[in-house]
Structures are given as structure tokens and as C-alpha cells.
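Heads up: the sequence shown begins at 230 in our numbering, then just goes up one per residue.
Don't take every hint at face value.
Subject to a maximum C-alpha distance of 16 angstroms in a straight line, what follows is the list of computed EDC-like cross-link-like pairs (lysine to aspartate or glutamate) [what the hints assert, rightly or not]:
1) K382 x E299
2) K392 x E459
3) K382 x E369
4) K381 x E304
5) K264 x E278
6) K381 x D329
7) K314 x E303
8) K381 x E280
9) K314 x D353
10) K389 x E304
11) K392 x E299
12) K389 x E303
13) K480 x E460
14) K389 x E308
15) K392 x E380
16) K480 x E459
17) K480 x D456
18) K302 x E427
19) K264 x D465
20) K446 x D370
21) K392 x E427
22) K314 x D329
23) K314 x D352
24) K264 x E299
25) K264 x E460
26) K382 x E304
Note that these hints are calculated values from the structure, not bench results.
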Amino acid sequence: MTTCNRNMKNWMILMITAGLINAGCAFTQDIDTGKIELPALESTDYIVEYEGYTSSYNVLTQTPEWVAYELTKEETYGEAVREGKFFSPDERVLLPQPDDYDYRGSGWTRGHLAPAADFRWSDDAMWETFHFTNCCPQDEDLNNGMWNTLEKKCRTWARKFGKVYIVTGPITGENRYGTIGDSHVVIPDAFFKAIMTEHNGNWHSIAFIMQNRSYNKNMQGCAMSVDQLEEATGFDFFSALDDGTESEAEKEYHLNFWKL
């Protein structure tokens with residue numbers, strides 16, 4: 230695609246997005262903003278609510294900006310399986326989305342942001358994780374390696390503490406990997422995850438950034454405070470907490486608390 234055609238496509242997408250937002254299709258005004266897992270919302274966010282998670286979809290990158298959900302101890306168990314499920318566009322979303330052909334032969338996996346394994350409690354909820362509003366191009370070794378280990382840790386923490394709040398998303402950064410497919414799906418430079426929980430009356434948080442490649446530091450080396458992640462991403466995480474609680478919980482992290 231030439232630069233001229235790409236600019237024209239981006240202009241058309243912006244016009245479509247503006248029209249849908251003006252028509253009330255961004256859905257932000259219908260969201261329960263009191264959910265602890267949600268970052269602070271902007272009026273231009275295109276928010277889609279599913280049975281088990283919420284996605285903020287970015288039409289320019291053709292990926293989510295973030296997905297957020299609450300994971301309880303009970304929800305880490307269930308009979309739903311991922312076999313036979315496949316990614317597809319969400320027909321409810323009135324914006325351009327990738328399709329499977331964008332990923333085929335690209336060398337990048339279809340990386341869940343809200344992992345299917347966190348939704349064993351409902352087959353319908355697990356199916357909804359297989360929308361491209363919950364997907365980014367991800368390095369296969371990262372997807373199957375340290376990122377998968379972190380997702381398993383989140384389920385362990387949900388079982389230990391009873392409930393965790395999770396926000397996950399891509400970091401585009403310098404866009405050093407370019408795009409894939411005719412939809413020009415942006416390949417993230419890295420991925421982030423922020424986790425919050427309450428234990429014995431106190432709130433605790435931890436965050437991670439992992440580069441979109443096979444090699445990363447060990448998990449401890451990827452860890453940081455939520456405040457540090459907010460500075461890196463520009464998002465205001467867990468904004469439904471009162472300011473004092475949020476500030477106290479996000480300013481530092483303790484590896485011993487999370488058994489890392």
C-alpha cells in the first residue's frame with residue numbers, strides 16, 4: 230500500500246470512528262465506571278463489554294488498547310475448553326477489524342490479552358475471548374513462555390487472594406516490528422499487565438512489561454509498580470478506587486507478597 234493510500238485509509242477510519250462516536254456507538258457512556266479493573270475512560274474510547282471482560286478497541290492499530298476483567302477464585306475452575314474455538318471479528322463492533330488472513334503466514338501468533346484459560350467457568354465467555362478485539366500479534370516464544378507463566382500466576386493469585394483485578398494491553402512504542410496483513414495490524418513492541426488485589430483489608434498491586442520477543446528478563450526483572458506502568462503507558466489504572474487507596478497501593482510493589 231502506498232503512503233498516499235495508507236493516509237487515505239487512516240483518514241477514512243478516523244471519519245468512520247468520529248461518526249460512530251457522534252452517533253453514540255462508542256458505548257463509553259453505558260459502561261459501569263465503578264468497576265475496579267477499568268482504567269479511567271476517555272470520551273473517545275470505543276469500549277466493548279463482554280460477559281467476562283471489557284475491551285477498549287483502537288481502530289488505528291487494529292488491536293485493543295487494553296482489556297480489563299475481574300478474576301475470582303471460583304472462575305479459575307470450570308469445564309469450558311478452547312479446542313474447536315477460533316478467532317473472528319466481533320459483528321457487534323461497527324469499526325474495521327482484522328481477520329484471520331491478516332495473521333496467516335505472518336510469523337506472529339494470535340495473542341490473547343484476556344487469556345481463554347481464565348474463562349473456563351463459561352463456554353460462552355471463553356468464546357468471546359476469541360474476538361480480534363482481544364487479540365494482538367505476539368511472538369510465539371513469548372506467548373507460550375514467560376507470558377503464559379504470568380497468566381498462570383494470575384490464576385494462582387486469584388485462588389490465593391480470592392479475587393484479582395487485571396488490565397492487559399500492548400505497547401506500540403516505536404513500532405519497530407511494523408504491521409501485518411492487509412488490515413495493517415500494528416505489531417506491539419511490548420505488552421503490559423497490571424494486577425490489583427485486596428488482602429486482609431489492604432490493597433496490593435504489581436505490574437509488568439514484557440518485550441514482544443522470545444527473550445525477556447526473568448519475571449522479577451520485568452516487574453514494576455503500577456505508578457511506573459502508568460508513566461510508561463499514559464493510562465490511569467484502577468481509577469475507581471478512592472484516590473488515597475489508589476495512590477498508596479500503586480506507588481510500590483513487593484515481590485515477597487506476590488511470591489516472586
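To see whether the hints hold, each was checked on the structure:
1. K382 x E299: holds, 15 angstroms
2. K392 x E459: Violated, because 22 angstroms separates the two Cα atoms, which is more than 16 angstroms.
3. K382 x E369: Violated: K382 and E369 sit about 19 angstroms apart, past 16 angstroms.
4. K381 x E304: It holds: about 13 angstroms lies between the C-alpha atoms, which stays within 16 angstroms.
5. K264 x E278: Status holds; Cα separation ~12 angstroms.
6. K381 x D329: violated, 26 angstroms
7. K314 x E303: Roughly 23 angstroms between the alpha carbons, so the hint for K314 and E303 is violated.
8. K381 x E280: violated, 21 angstroms
9. K314 x D353: holds, 11 angstroms
10. K389 x E304: OK: K389 and E304 at ~13 angstroms, within 16 angstroms.
11. K392 x E299: holds, 7 angstroms
12. K389 x E303: holds, 11 angstroms
13. K480 x E460: holds, 11 angstroms
14. K389 x E308: With a Cα-Cα distance of about 21 angstroms, the restraint between K389 and E308 is violated, given a limit of 16 angstroms.
15. K392 x E380: holds, 14 angstroms
16. K480 x E459: Given that 16 angstroms is the threshold and the Cα spacing comes to 10 angstroms, the pair holds.
17. K480 x D456: With a Cα-Cα distance of about 5 angstroms, the restraint between K480 and D456 holds, given a limit of 16 angstroms.
18. K302 x E427: This hinted pair holds, its Cα atoms lying about 13 angstroms apart.
19. K264 x D465: holds, 13 angstroms
20. K446 x D370: holds, 14 angstroms
21. K392 x E427: holds, 8 angstroms
22. K314 x D329: holds, 13 angstroms
23. K314 x D352: holds, 10 angstroms
24. K264 x E299: Distance ~9 angstroms between K264 and E299 Cα, so the pair holds.
25. K264 x E460: violated, 22 angstroms
26. K382 x E304: Holds: K382 and E304 sit about 14 angstroms apart, inside 16 angstroms.
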